[in-house]
Every structure is written in structure tokens, then in C-alpha cells.
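Q: Chains as they are written, first to last, in our numbering: chain A, 298 to 601; chain B, 3 to 322.
No lab work stands behind these hints: they were computed from the structure. If you're wondering where the values come from, they're calculated on a predicted model, not measured in any experiment. Errors might be hidden in some of the hints.
[To be verified] Here are the simulated DSS-like cross-link-like pairs (lysine-lysine), alpha carbons at most 27 Å apart as the crow flies:
{"hint": "1", "chain 1": "B", "residue 1": "116", "chain 2": "A", "residue 2": "384"}
{"hint": "2", "chain 1": "B", "residue 1": "154", "chain 2": "A", "residue 2": "423"}
{"hint": "3", "chain 1": "A", "residue 1": "384", "chain 2": "B", "residue 2": "61"}
{"hint": "4", "chain 1": "A", "residue 1": "398", "chain 2": "B", "residue 2": "154"}
{"hint": "5", "chain 1": "B", "residue 1": "154", "chain 2": "A", "residue 2": "478"}
{"hint": "6", "chain 1": "B", "residue 1": "181", "chain 2": "A", "residue 2": "549"}
{"hint": "7", "chain 1": "A", "residue 1": "384", "chain 2": "B", "residue 2": "225"}
{"hint": "8", "chain 1": "A", "residue 1": "462", "chain 2": "B", "residue 2": "258"}
{"hint": "9", "chain 1": "B", "residue 1": "226", "chain 2": "A", "residue 2": "384"}
{"hint": "10", "chain 1": "A", "residue 1": "549", "chain 2": "B", "residue 2": "154"}
{"hint": "11", "chain 1": "B", "residue 1": "221", "chain 2": "A", "residue 2": "423"}
{"hint": "12", "chain 1": "B", "residue 1": "226", "chain 2": "A", "residue 2": "381"}
{"hint": "13", "chain 1": "B", "residue 1": "238", "chain 2": "A", "residue 2": "423"}
{"hint": "14", "chain 1": "B", "residue 1": "183", "chain 2": "A", "residue 2": "423"}
{"hint": "15", "chain 1": "B", "residue 1": "183", "chain 2": "B", "residue 2": "226"}
{"hint": "16", "chain 1": "A", "residue 1": "478", "chain 2": "B", "residue 2": "212"}
{"hint": "17", "chain 1": "B", "residue 1": "238", "chain 2": "A", "residue 2": "398"}
{"hint": "18", "chain 1": "B", "residue 1": "212", "chain 2": "B", "residue 2": "225"}
{"hint": "19", "chain 1": "A", "residue 1": "384", "chain 2": "B", "residue 2": "221"}
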Amino acid sequence: MTEPSTTRTARALDLIPFLLEHQGISVTELAEEFGITQMQILEDLNLLFVCGLPGYSPLELIDMNFEDGYVTVSDPQVLDKPRKLSKPELTTLLVSLEVMKSMANQDVREELEGLQVKLRAVLDLKPTIDVLGNEPTDTKLDEILQAIAKGSALEINYLSAHSDKESWRTIIPNRVYAEGKHTYIQSWCITSQGERVFRLDRILAIRKSDQAFSPGIEPSDHEPADDYSLFVSDNARIFIEENSAVIAHTAKISNGYEVSVTAIDQDWLVRTIAGFGPEIAVLNPPALKAALSSHLAAIRSLYE
Amino acid sequence: MFRPLYAIPMADNKTERLINLTLALLATKRYLKKSEILRTVQGYDGNADSMDRMFERDKDDLRALGIEIQVGDLDPFFEDEPGYRISRSSYSLEIPNLTPREVAYLSVAANFWKDSVLTPAAQSGIRKLKSLGIPAAMDLASTIEYRFENPKAALLGITEAIDELRQLEFEYQGSEVTKRKLAPYRVLLWNGYWYLVGLDLVKNEIRMFKLSRVIGEIKTVGKKNSFNIPADFDVKTVLPSTEPDARNLAQVSIKKGEAITLRSNGRRLSEGESTDLYEFRYDLSSSFLRALAWYGDSVEIIEPVQLRNEIIALVGGEIR
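I would like the entire structure built from these sequences, with the hints used as guidance.
A: This is the structure:
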């Protein structure tokens, strides 16, 4: 067994109190819960089965039953309470709550803050991880979450990221996620009859829609467009970091990187790389190169 | 009692002894003498010296797990032999008045860290909370997902160094690769990316490092308590400033009906026939210029001349 005995001891000590609150749990489920194999769980249970208090008579041993694949503990000896949270555990839970707080509305924020106070009382721990950023929730997000809960449609006035134009669309939101600086709403867009992702801060207004969900056409598989290939200098590394979601592959070369960007809107890519000037160059395809040149030429013409 | 017939137990005397030692020390109300422990706790054998060494190592191992072993040597009956025990209150997790709703929040929170270095700690933490016997509220649906940059494996080591006030050494990819020595103050998760903030001991300045740009290992060096973190340290004061406090001002003319997103970040100074004049505050000209270049010929920099020249150079034009 390569597992360190401290790791195994810690898990064994945590198993008994967990079992006391989950009497009759199956070995399968228990293994899943502890993130180990069923064989490991059985080995742990067998080990605990021979542990106990000095004297080690049947009355002094931990007593349990697991021969039918379901585990019950009849005598935990002194292991009836879970162990105190460790510093990494507490740190991780506190930072998770902090992340949740950064996206929550006022009421939930207060609840989460109260919870953090309770957790901090468990251990004396310096603040080590701070969480900043994400957008403060506004009423738009609340409306969207309500629509998701009810499965209802919304009309949104959306400012397109590709064309800098606004338009009204009817959508059925189904998922919200926060990534980087922004919050995104994955939806079925009734107007364009397809799956679309909308950025919360580009939704200018929301009104309720009485349209029912009727996808009509299934989301079509888009023609896989060609990948774009770019040279990104060391100084423009931030482009790679900020757009990791669309970057398929990065290879380090002498003074920068060769980056392939997955098929996305060409106009978006042109606008995004334009401001890097010579730090980012298009390797392929020629159409992208041409689009970038004309975007740059348009800016140049302003100043001529 | 019966012995299960399958999964033949693997010999793991060390783990068995650590569990038995924990149980014995938890069960006792009085301090147990070492000689008593070695005689009564199952698993100690060999000659006196080797049992002694075994016991010392076991104590260290349990302490490394965060189990506090109390040492009592005040009892006159013990003469010079110290006694040991684990107090129930220091061993067990007690969170007074934890509500089902809060347990539900914690379950949601613990699931953020899919397959990252924080997953094991989040999962073992939530298992302990689930062992408190408070049912999680079922009506708390989580509808928001959070996606982050996966934190580096070093993350928890860094938080430990901060907690113990120990210095860190690492190589960092800036405009070139440099060796850094740091008194770490905070880890920061900012807009989904991980940073390390602390006092750069070479430059003697507070600096911020992107964790993904650290090359190789982050080494913890030197003794504990080797520096102080100012009690009023606020990580917000070291962030590159954002619009409200940005020091630089620019005037930009924007074509009618265009660059709608950009407009919301600035202040309108005047309205013209075909363009409007806006004022923006910015910090770094490079990122401000990138934002402006996005809008192509919808926006033109009017002032300052320096910034105007920078964008002309950026797009490959001639400065007049």
C-alpha cells in the first residue's frame, strides 16, 4: 500500500462519525463519497473493525456490520463526533463562500457572511485568500434566475458583442455561469432558433415574455469553421490568459507563442487582437489577415 | 461479533496503532503516562528504545493531522514522567447553531472546485460537516455556476506559508524570467484568476504575481514568524486601479449610435452633429488602447496627444 498511514488514519477517523449519520449506506456510495475505491473502503472498515480501546475485548472494540454491502455502526467507541476542520479544509470552504458571496444578492450575502463568522470560530486562522471581482448582482440576474426556475421566457434588449448593435430577442434562459470578469447566461434563443450565450452586462433591459418554449428547430451543428492561427509575442501573453476559453493550442516559440484559436466569430477576433498592434500577428488564414488589415486601416484613416 | 469473509485486511500496523492511540488518548479523562500507553495501547512492541521512538513519531504524525495532544506534567504523582491526552473539545468539530440552510450552502460551495487542488480539502471538509447530523436543506437550488482558472498545486502550500509567516522563493515570468523572494500576504482570486500578493524582499515593495506565470516550484524558505503582515493590509490597495481611481484622463470622440458599451464607461462632455465627445479615466494606456481599438473607426482619441500618437503607432500609421 503506497498510501501514507497518516492519510489513511485521517480517513478512518472520519469514517465512523460519517457512518453514524448515514447508517445503512452502501459500500458503493460510501466509496464514492470518500473518493476512493470500494476495495479501499472495505480495507478501511476491516481495519477499524479491529481497533478500539485498551483492553480490546469485544466490548471495547469499534463495532459495525458491513458484510451485506451496507454499513451500520453499532458502537463507535469515542469516535462519535467529526474531527475539527483542518486549516486547508477551512480555508477552502471560506474561499468557496467568498466566491458565492461575490455573486449573491444582499440577503444571501448576509446569510453567507453569518456562516463565515461561525466557521472562523472553529479555528484561529489568518486571512489567506481574498476574492475580488465579478459583477455585483443586479435585479436583472434575479429576474433571469426566476425565469430559469419557472422555465419561462424573457425578452431581452441585447447589445451584440460582435457588431456593437442592440436588438430585442426572446430567450429561454437555462443556465447561469460566472467566468472571469463576467456572468453568462446560456439560453435557447427563440429569435434565432438556437443555443446562445449572452453576457449579463450586455443585457440592457429585460421584460417578461408570454411566449412558451417551442424550439421548433433543433440546435443545428454549425459548420466547423477553420481554426485561426496567430503569433502572440511574450508581451501579449495576456491575450492567451484572457481568452483561454477559445484557445485550442499554444506552442512556445523563441520570442512568443504560436496559438491556434478555435472557430469563433472572425469579427470578434479581429477587434480583440487589433489593439495589440505588432505584438499579435495573423499566421492563417489569409481572410483573417485581410480583415485585420482593413480594421487597422480604418483606425489609421481617422488620424491621417 | 464476526469477521467479514471478504476483503482480506491488509497488514497496516502503523495505521492501526495510530487509530488505537487516538482512541485511547480521547477516551481518557486523566493524563496517561507514556509507560501506561506503551503497555496498554495495542501495537507497541519491541524493546524499550524502539517503542519510545515509535511513540514519538506517532505523536508527530497525529499532530500533523491537526490533532492536538495535550501534555501534562504537573501532576506530582507522575514525578518526571509527562502524561498525554486528547481533549474532546479540541478534537471535535462544534459549530453552534449551524442551520440546514447553511449546510446546503456549504455543500454547494464545496462542489465549486471540480478536479482542482482544492477538491480534496473541500470534499473532506464537507464530509465532516455532513457528519454533524444536520440535514442539508433541500430547497436550495444552485443555479449559478462558477468557473475559474484552475489553481496551481502550490496554492495550499502558499496559504500555509502565509499562516505561518514564512517566506517564499520562486521564478517568475515577467518581461523576462526573474527569481523572486517574497513575504507572502495574501492569495487573491480576482476575476477568476489566481494571484499572489506580498512584500517583494529584493525590491522592498508590495507586488502582485499571477500564479500561472510562476515557473516551477514555489519553495517555502526560512523560519516561521519571519515577518509581519500589517494588520490593516487591504489587497484592494495594490490592485492596478480601475476606472474610478484611474489617474489618466482622455477625451474621445465617438460616432453617433456606436460604441454603446464603451459609452457607459465614460462621461459625455458634449454632443455634436455626427459624433459625441466623451471623457474616460484610465490607468494603463496599453489596456485602454486595446479597448478603443476594438471599436475600430467608431472612436477617435482627441486628447492627450501622447495617447493619440500611441494608437497611431499601434495601428502602424505615421505620427504627424
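Q: Which hint numbers does the structure go against, in order from smallest to largest?
A: Violated hints: none; all satisfied.
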